[in-house]
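Asker: Chains as they are written, first to last, in the numbering used here: chain S, 1 to 204; chain R, 1 to 100.
One or more of the hints may lead you astray.
Claimed, not checked - Simulated restraints on C-beta separations:
{"hint": "1", "chain 1": "S", "residue 1": "Arg37", "chain 2": "R", "residue 2": "Ser49", "range": "49 to 57 Å"}
{"hint": "2", "chain 1": "R", "residue 1": "Thr90", "chain 2": "S", "residue 2": "Val92", "range": "34 to 42 Å"}
{"hint": "3", "chain 1": "S", "residue 1": "Asn31", "chain 2": "R", "residue 2": "Thr70", "range": "42 to 50 Å"}
To be verified - Rough simulated footprint, nothing fancy, chain S against chain R, three-plus residues with beta-carbon under 8 Å:
{"hint": "4", "segment": "19–26"}
{"hint": "5", "segment": "34–44"}
{"hint": "6", "segment": "82–96"}
If you are wondering where the hints come from, they were derived from the structure by calculation, not from laboratory data.
The beta carbon of each residue, even a glycine, is placed where N, CA and C say it ideally should be.
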Amino acid sequence: MMGLIFLLVVGVYVLVSIGVVKGSIAYAQKNGKSVKRWGWGAALVMYLIPFWDWIPTVAVHQYYCATEAGFWVYKTPEQWMKENPGVMETLVANKGASSRYESFDDEHGKSDIYLLNNRFNWIVTQQDYSSALPIIRSEQQVKDARTSEVLARYVDFGTGNSVKNTIGPPGPLKFWLHSGHCNGGGQNQDALRDFRNIFFGEQK
Amino acid sequence: MTTVVDLFQQAELAEAAYASFFSNSGVLLTADADVKTALRDTNNNGNFSEAQATSFVSQWKVVDQYIGPTSLGGLVGSGFSATLFRDTTTGAYTFALRGT
Chain S
1 MMGLIFLLVV
11 GVYVLVSIGV
21 VKGSIAYAQK
31 NGKSVKRWGW
41 GAALVMYLIP
51 FWDWIPTVAV
61 HQYYCATEAG
71 FWVYKTPEQW
81 MKENPGVMET
91 LVANKGASSR
101 YESFDDEHGK
111 SDIYLLNNRF
121 NWIVTQQDYS
131 SALPIIRSEQ
141 QVKDARTSEV
151 LARYVDFGTG
161 NSVKNTIGPP
171 GPLKFWLHSG
181 HCNGGGQNQD
191 ALRDFRNIFF
201 GEQK
Chain R
1 MTTVVDLFQQ
11 AELAEAAYAS
21 FFSNSGVLLT
31 ADADVKTALR
41 DTNNNGNFSE
51 AQATSFVSQW
61 KVVDQYIGPT
71 SLGGLVGSGF
81 SATLFRDTTT
91 GAYTFALRGT
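Working from the sequences, and respecting the hints, build out all of it.
Answerer: Following this line, the structure appears as structure tokens:
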């Protein structure tokens, strides 16, 4: 039903846009002004009302992807096991998905801290990264809870949604802005998950 | 007779069907922590609160999911998605479909 309402709204907007452009052309003809300038100007305004943030969002998303996104391993499982002999074998996975939730930045950010076992945490954070554009920064860390040392980290950026405002625009309406990851972000997320799985501990 | 509790569960399952439970390499994620993260992944249609997601994974397991292929940001393709959940208490299966 929402899809049909959406199509109806788009159809009405297209009709209104055509009317506005035709009206502008008629006004220009009547008042001796440039028909091309008024016609294209009106069309541009009607285009920019829904699409003004498209190009800036794509540009800023690509910038953040190029400068901040990636997957980093600061300490391999082998290195950690060498520094903590015999500990890995004693880890027992917590049942279910035990986690602690933290909200920050006036609800523009959220962190779920999963307690994998009595030694390791998996921290999943999402944060609105721009006040004007719908860009979300996602970060995941595998952390040694005893030493607070981050063993691996993954950073990614998605567009078209907001952590604080999950329902209203841009939300699901501006579907053309939707992008879940940077290029290669999905693979990085899988790599972090594979890394995390090593530290889950024995399932009992 | 359908009760308010039934309706709540059905609405919750329909909402959960919007989330993607696949890894980027196409592996179905069924571990509770992964399901919970998918339900809360704002970038990928997961809009559950932490409490909602915690409650959900304590009752339901993801058995399988189908997501229809789309392109051009969802403009091309049906957007169809269906997920099979299993109630961990009763063992009953529920087939949940994404809305239009």
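Asker: If you test the structure against every hint from before, which numbers come out violated?
Answerer: 2, 6
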